[in-house]
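Asker: All chains should be modelled from the sequences, with the hints used to inform the complete structure.
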Amino acid sequence: MKNALTGHKRWERAWRDPEPKSEYDVVIVGGGGHGLATAYYLAKLHGITNVAVLEKGYLGGGNTGRNTTIVRSNYMAPGNTLFYEKSMRLWEGLSQDLNFNVMMSQRGQLNLGHSDAQMTVLKKRGNTMRANGIDADILTREEVRRIAPYFDYSPNSRFPIQGALWQGRGGIARHDAVAWGYARGADRHGVDLVQNCEVTGFVKEGERVVGVDTTRGRIRGRKIATAVAGHTGHLAAKAGLTLPIETHVLQAFVSEAVKPMVDIVVSCGAMHFYLSQSDKGTLVFGGDLDGYNTYAQRGNLPLIDHVMAAGISLMPSLSRLRFHRHWGGVMDMTMDGSPIICKSPIPGLFINGGWCYGGFKATPASGWCFAHTIAQDRPHDLNARFTIERFSTGHLIEEKGAGPFPWAQ
Amino acid sequence: MIRINCPFCGERDHSEFTYSGDATKVRPAHGSTDMEAWLDYVYLRANPKGSHTEFWHHVHGCRQWLVVERDTTTHEVLNVAFAKPLKSGGN
Amino acid sequence: MGSDCVIEARSQLATRIKPGLYGTAEAPQVTLSEVRRRRIVQAAGWSDTFETVARRLAEAAGGTVPHEFGIAAVADTVTTIWVGADRLWFTADDPKLMARFAGTFTDEEVVFLDISESRTILRIRGARSRNVLAKGFAIDLHPDVFPVQAIAHTMVEHTGVLLHRVGPEAFEIYVPRSYAVNIWHWLTVSAKEFGYEVED
Amino acid sequence: MPAHSFRAASGGAIDRDQIICFTFDGRQFKGFAGDTLASALLANGVRLYGRSFKYHRPRGIVAAGPEEPNALVTVRSGARREPNVPATMVEIYEGLVAESQNRWPSLSIDVMGINNLMAPIFIAGFYYKTFMWPASFWEPFYEKLIRQAAGMGVAPDQPDPDRYERANAFCDVLVIGGGVAGLNAARKAGEAGERVLLVEQMPWLGASAVEPLPDVEALANMDNVTVMTRTTAFGQYDGNCFALVERVADHLPVPPEGQPRQRSWVARAKRVVFAVGAHERPLVFCKNDLPGVMLASAARDYANRFAVRPGGRAVIFTNNDSAYEAALDLVKIGVDVAMLVDARIEVPARLAAKAREAGIEIASGSVVTRAKGFKKLRAVNVARLSVDAKSPTAPTRTVACDLLAMSGGWSPVVHLMCHKGGRPHYDSDKLAFLPGDLLGYNQSAVGGCAGDWTDEVEPRELWKIPQPYGGAGKAFIDFQHDVTTKDVELAHREGYVSVEHLKRYTMLGMATDQGKTANIVGLALMAEARGLDIPAVGTTTFRPPYTPTALGAVAAGEVGRNFQPERFSPIQDWHEERGAIMVEAGLWMRPRYYPKDGEDIHAAYRREAGVVRKGVGIVDVTSLGKIDVQGPDATEFLERVYANNFATLKVGRARYGVMLRDDGIVFDDGTTSRISENHYFMTTTTANAGPVMAFMEKLLQVEWPELRVHLTSVTDQWAGIAVAGPKSRELLAGLGTDIDISNEGLPFMGVAEGTLEGAPVRIFRISFSGELAYEIYTTSDYGHALWEMVWEAGQPFNVVPYGTEAMAALRIEKGHVAGPELDGLTTMEDLGLGRMASRKKHYIGSVLMHRPALLEDDRVKLVGLIPVDRSLNLESGALIREMPFHPNDRPVRDNASFEELTETPEAAGLLGHITSVSHSPELGHYIGLAMVVNGPARQGSRMYACHAVKGENIEVEVVSPHFVDPDGKRLRD
Ligand SMILES: Cc1cc2nc3c(=O)[nH]c(=O)nc-3n(C[C@H](O)[C@H](O)[C@H](O)COP(=O)(O)OP(=O)(O)OC[C@H]3O[C@@H](n4cnc5c(N)ncnc54)[C@H](O)[C@@H]3O)c2cc1C
Ligand SMILES: NC(=O)c1ccc[n+]([C@@H]2O[C@H](COP(=O)([O-])OP(=O)(O)OC[C@H]3O[C@@H](n4cnc5c(N)ncnc54)[C@H](O)[C@@H]3O)[C@@H](O)[C@H]2O)c1
Ligand SMILES: Cc1cc2nc3c(=O)[nH]c(=O)nc-3n(C[C@H](O)[C@H](O)[C@H](O)COP(=O)(O)O)c2cc1C
Ligand SMILES: [Zn+2]
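Protein chains in written order, with our numbering: chain F, 7 to 415; chain S, 4 to 94; chain W, 850 to 1049; chain X, 687 to 1659.
Just so you know, these hints were derived from the structure itself, not from any lab.
None of these values were measured; they are calculated from a predicted model.
Among these hints, one or two may not hold up.
To be verified - Straight-line Cα separation of at most 25 Å, BS3-like style, residue types lysine-lysine; simulated pairs:
1) 52(S) <-> 1106(X)
2) 87(S) <-> 244(F)
3) 815(X) <-> 265(F)
Answerer: Below you can see the structure in the form of structure tokens.
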């Protein structure tokens, strides 16, 4: 706190604002959490520091800066379970690793079940977690009520709460701080963070991708790695790849700041609603996708109506509370709801994308695995299944079984 | 609210319709056993930024499947047509 | 179907419709009721021939083919409505409606289906009908846009319904039967501020 | 202080005949009808309204409209409590209860005010740079502390007693804003015969207009014009659709009967006119947050509309012309205007003359450098400003005053215009962001929001007042979030220089007012620090809602039971009368069980299912999806959509069919019957009825238009009753249909049509329970009567009604797959249905089902399970392993073992899971269905059902999934 008392003059600039060089060992496209984490781990763990992160807008201005910040590791599909747990473990030491407080708050996450069918799935999920060394509990309705007395337990409830899956280590983190912390860390290792630099095309020599064209000129790279959540599909198309991805918008909402009222993170699949209260006192919440392809970072009224209705149906006292902003983020929705972290079929091009609406929690592990994949030219065990080929072979990674419909994942 | 001008029903809120993705994908002929063609049809998407040709089903209206051209950066609807060319059925 | 029936037909709203005056206003400004025992016959054909088949169908039924999708053709005993490509509904308060088509058509021309009981028909009339309907229907009900005999296949309370303007201040709503209780509830709540009468 | 001591004896648009009593912080006050809480309290001399967010500084009123950043109060109490409402937007009513917020124990003595002294550590971004060490302290300690300190008001903690509703509007022209410009635009459109809707957020029309406006009356007389006050357009969405919220009853103690509290409108307009005016900006100088410092236009509104003197002695401070009118109006109402400080060297001649005439001293080329006072304003320091505007010049004069009315220029309200993602355009003469080319072809902006004003003398660009040498103290930009000029400097120094980083690092503009008065100042200061011009820095994104909006209003009553529609069968009344406990299934409400004297669900379903096995039971199956398939090509169509053969199905017969998705995974199943040559009756699961219908329609309309087939949902046309159990035939015999139900007349999978006392019936001899069973359908009007008749006919056999729970028990015993097994991940082969799939024909999914992963041997496949110790319960969701799972096998959070965990998850030994369980009425113990790797090959072996979460392992025997009558003898007898 010393700095605070000396007028904050001693905090140096968070990151430099370098002119891009003409060539790097690795060029990362996308200055969101994943791109920045990838740069950080490339430098820190693999000694590759001649790296640029190219960001078309401002660092962390993509989904990293517009998500509802839920962090959990409660996945059950083989391939997902341990990957997200790896991420959780990285989160647990992240503030110290970065020397920047990402405000990771492991206040516990409640996944509500409203029917026998849902409870079966939650139990399967919880048991799978626990069998893999991940904390999980199955709660009865009464236990849920003790944790969250403010939900609707009356006969008026359309989807009565039957129970829940509880992950005590789940929680939220401060989205901006994650981007800024990784950015600072990467910058300290010599990575060039280049903002207002949009990649507009790829430079190819034969089959191989050897650079990118940007709004700030051509930049060559021995390896080009994209981490452009929401834009993976159309960017990859510029390199000649068609992917099993559609871009969709997810909206989020924030209420006025109120004194502490909800001290957990809650998700309700039956009604499509999730909510947490930020350290500032605002409630941050959201729901389902709007459900049509879009690159506009905004959604429409029917979904907004639905989110509000779901929120109040779950927690009747929200009715008179007011929201004061809502926004949207555009995401890569894949055909099985799971991500892609791999060497692409095009030599020199590495892809990290397809995060759907769940990639914030993945930020550390995604960067960690992507850095490994780029540095070693092969995936780590943890991301070995996150390939593009899985769609042809049928080795899909599905939590839900929604079928090949991106808007239904 | 995206307003879709159904050729049968007139202009309606998009919430009367369900979305069903890229309408430019060509379904392999019934009977085709070309695995690659099926994979392409079921999984791969051009996902364009800009004009997108897509299916909407007027599920709460006339139940016709429509092909809508819409800009994915502005949501502006550029064209609406029946998925199936019609010979009769109103005007 | 059902004409010689000795069992009593029962409305989906049998226990919900309770005639009387409701709401606050002294004089109710809308009246709500259910239209019972109307028959609905769907006739569906094939696009290459349906134009002529439709004319013959209408003739057989004693009506005419509406020349627009959004307008019902009303004749003495039958109302004809487009409900989709190559599909018409004939509605009449006649238990023998289906019989009007008997024997004259082949499957190669048209297929029929009696779906009378799949819909509960609600009627609302009175000065404030439009105000009540505007609380659920996202279509323009202004008489210049939605005149008498206009129909709309549209959504109310997340339910696909058919709305038919049967008079300057009178409408009928064809509701899928299993949703009728829900829509009736919505109508009564929405009408309350104007005062309403429920008729049997 | 005497009541109303700040109210002029006459004037204003208030109704002095209607005195209204209300309380603020427990004290009784009086106001008049037409007052806002802000005007009434100002009239009573109240200056202190709340404590600020971070520093808990005392705060007063700044504005007179929704842009008010400071005076947030809590109104009402109990279940109707509403925190954080600007006092400027509350209309007083008899008995209104309002309280200040964010202070403890009271507004004037607030212990958290200590934050103010600790201010250096609460500066922008301080959280991120502190509190990480020691790591173990963050959560239990620091984080809790931060959270306690957060928030403003206290949220309600009870369900809302009020109601909300939705409404739809259509118009040719939507005019947003009922000020001079909006009224005028509406009148013109109205006169041209267009259908006009004008919305105004305040309770009155005319905004700040002093004189009554003729347009108001003209509009009232036009049939084609609707005017709605107390209605805010809060968001613009696609298709020229605007979301409005009408505050129907917020100005009343409770909503009148039948009326909602608020109504949520969607207005769809052919054309829209924005006439939303402009917001005045504060000026930024030391301690500009003291109560008593307010916007000049607000001071003027209080004087004109409410006849309130917002102070006794005022100083006016401006950089533009508009504050002169305010000064004059304040004089008119009896405020002693000590001085008008105009930052410009040249002052507007005409206005200045008028001001001097009114006795106002004008200090040109001067600025207010500091406000003085402790909890309220006592004086200001005034100094001349150097020509380069970089520093004040000595000497400083101190002018005593209790009101400072300031005007830092005007910001057109472009918010709504930007909601679709556009950015406004900066006008460096007007010092304002204007709509520019933001507007669509069917949109226009008029009046203040179009920047439609001209000053005699150009405003002087003055984003912050330079501090005199040695001057210290905070100068606020964003009052609600306590963002000061120092925060902007800090953000700049640390590299958070993009406006978006500035916003997020300092929280500028992120409070409930969304920086309406603050944002432009903040970004101008950043531009200055970076040496860029304002357009190069740009604005942040404008997002809905324009003003905070209650969740309840937008949900519009679709909450609780009304969250989604409920579907009922025609037999519902009977179920209700018999006390059935209902359960939802794909919107349908279905009886789950019919408890008898105090039975719980387990006792009830076991009893019900037991009767079906031994006698006869009836269940309402109306909710099953029913699709009528008709046309010359109906058979060909079914051949294509079903994986099994349908070409050979004869008229009068039914067949179980399985449908796949294009990707080869099972989509749905059901029984389809051939009613006549070209006519089929298809059933689907309750949950998939909609998707199956839509998919098949797509195939016909889009892919196979050459097939002459019509599909019609007849789910609601037919009521269905399953009659199941060894005595079901006897029961039906007593029913009196004209259908031959003998085993020969109606064999297994036979279908017959007939009548029952004149009502049409269809009887299908199909069975989900595994017993001799029938499904009997009639048209919905007779559904209830049929049920009663079946019930009567069943009395001699002690028939029971059964619910979904018993139905599930019966199907599990029989090994029929349902929802838990058809989970969107399984193939026909996985479900043991592989042999059904046709090898001769092509059908939906027949290509992609041959992808390698879908053919692998070690996929999970359907098996039956029984506990080795028959007295134990099985639970669905348990995992299947060859070995029991002990918590110590995989300790939670054991970093040491993580590398080992990075092997494949199969290393955890997971071989599958239990999908469905039931207590078997036939066997008298628990049974389960499970999906197990290579399951069928394991029949006879023992494994463990592991409830890892509970640390519980149950040894199970793997058996066939067909627990009863595996050969189907009972079905056929
Ligand atoms: C509303 C919402 C709520 C969500 N909630 C959660 C949640 O609770 N928990 C959770 O785990 N996940 C959540 N997610 C998902 C999560 O936000 C994302 O998966 C994650 O942030 C992705 O991080 P990223 O770094 O890959 O992408 P981003 O942060 O989007 O970064 C990608 C960057 O690439 C840049 N870029 C794109 N194209 C180019 C180009 N051509 N050239 C240069 N730069 C380019 C973009 O500007 C962007 O900054 C949510 C998402 C949304 C939208
Ligand atoms: N420097 C100056 O002298 C200066 C600056 C600004 C305006 N003006 C003058 O002031 C007058 C302004 O007139 P005007 O009619 O343009 O603005 P106005 O401020 O008089 O009226 C705008 C109205 O719109 C309403 N409104 C705003 N947002 C709304 C929303 N989202 N939903 C519903 N209602 C909303 C406001 O409550 C207000 O009543 C003009 O005559 C203009 O020239 C002068
Ligand atoms: C977790 C979280 C909390 C937020 N809280 C606030 C808030 O309190 N106030 C606010 O104005 N915006 C808040 N925002 C939204 C941002 O202002 C902004 O809308 C979002 O980052 C998207 O950027 P854009 O609106 O510029 O597109 C929050 C965003 C996130 C992700
Ligand atoms: Zn339509």
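Asker: Each hint needs a verdict: does it hold in this structure or not?
Answerer: Taking the hints in turn, this is what the structure says about them:
no. : hint              : in the structure
1   : 52(S) <-> 1106(X) : holds (17 Å)
2   : 87(S) <-> 244(F)  : violated (33 Å)
3   : 815(X) <-> 265(F) : holds (24 Å)
Hint 2 alone, counting from the list given before, is not met by this structure.
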